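Residues per chain, in single letters:
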Amino acid sequence: RKEVEQDPGPFNVPEGATVAFNCTYSNSASQSFFWYRQDCRKEPKLLMSVYSSGNEDGRFTAQLNRASQYISLLIRDSKLSDSATYLCVVNPNSGGYQKVTFGTGTKLQVIP
Amino acid sequence: GAGVSQSPSNKVTEKGKDVELRCDPISGHTALYWYRQSLGQGLEFLIYFQGNSAPDKSGLPSDRFSAERTGGSVSTLTIQRTQQEDSAVYLCASSTGGGAGQPQHFGDGTRLSIL
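As given, the protein sequences belong to chains A and B, one line each in that order. Going left to right, the first sequence walks through residues 421 to 532 as the working numbering numbers them. Going left to right, the second sequence walks through residues 47 to 161 as the working numbering numbers them.
Take these hints with a grain of salt, some might be off.
Unchecked claim - DSS-like cross-link-like pairs, simulated, lysine-lysine; straight-line CA separation at most 30 angstroms: (1) LYS499/A to LYS462/A; (2) LYS519/A to LYS103/B; (3) LYS103/B to LYS422/A; (4) LYS61/B to LYS422/A; (5) LYS103/B to LYS465/A; (6) LYS519/A to LYS57/B; (7) LYS63/B to LYS422/A; (8) LYS103/B to LYS499/A; (9) LYS61/B to LYS499/A; (10) LYS63/B to LYS527/A; (11) LYS57/B to LYS527/A.
Keep in mind that the hints were calculated from the coordinates and are not lab data. This structure is a prediction, so every number in the text was calculated from the model and none was measured.
Generate the whole structure from the sequences, applying the supplied hints.
Here it is in structure tokens:
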């Protein structure tokens, strides 16, 4: 099993739709989780951290399910500008060792 | 404040030449990472520096690749005797490190093309 797995997509959704991505991880001791977005031919940029209790930032909601070892990202009211690849990041955060693992990303295409 | 700075932005070189890529992390960030990304692919981890600890070199694809970090700040990634398969975007990221699981911040990358 890969350390971090994501459905590569693409997810093609109409403007205004709600879309959700999951990301599963294999290391049950993982401590920190993040979602990044990467636009075509650009560097990844932090979208949001994922907290144990779940967290929301505008139209974006991130959740963590430790029991099933996955994190999710929900995007409401999709905009054309949301089109990008979404990367999940898992950090074992063991004793200060911070080598994270990036998923290969889920591609989202919002259609007019 | 200033973000992660990488240079050059683009590098085109002939097969067999050596190249040196530079990364200037965010001031105060103790953790520094190098990744490689081929077109349409995910991030490939190369090497990780954390403070004064020995770097984690487990991702370096061959002994042609090496990296160093001087004074806990600037890092250089060197590729010797470049091959066409080395063509990719090389991304550097830094974070505050420590035990709190801080996110990484990326530079714009160096787009390397081997002719």
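A quick look at each hint next to the structure:
1. LYS499/A to LYS462/A: At roughly 19 angstroms apart (the allowed maximum being 30 angstroms), LYS462/A and LYS499/A satisfy the hint.
2. LYS519/A to LYS103/B: Judged against 30 angstroms, a Cα distance of about 11 angstroms means the pair holds.
3. LYS103/B to LYS422/A: holds, 20 angstroms
4. LYS61/B to LYS422/A: violated, 33 angstroms
5. LYS103/B to LYS465/A: Status holds; Cα separation ~24 angstroms.
6. LYS519/A to LYS57/B: Holds. LYS519/A to LYS57/B sits at ~27 angstroms (cutoff 30 angstroms).
7. LYS63/B to LYS422/A: violated, 35 angstroms
8. LYS103/B to LYS499/A: Not satisfied, since the Cα-Cα distance of roughly 40 angstroms exceeds 30 angstroms.
9. LYS61/B to LYS499/A: violated, 43 angstroms
10. LYS63/B to LYS527/A: Violated, because 35 angstroms separates the two Cα atoms, which is more than 30 angstroms.
11. LYS57/B to LYS527/A: Given that 30 angstroms is the threshold and the Cα spacing comes to 28 angstroms, the pair holds.
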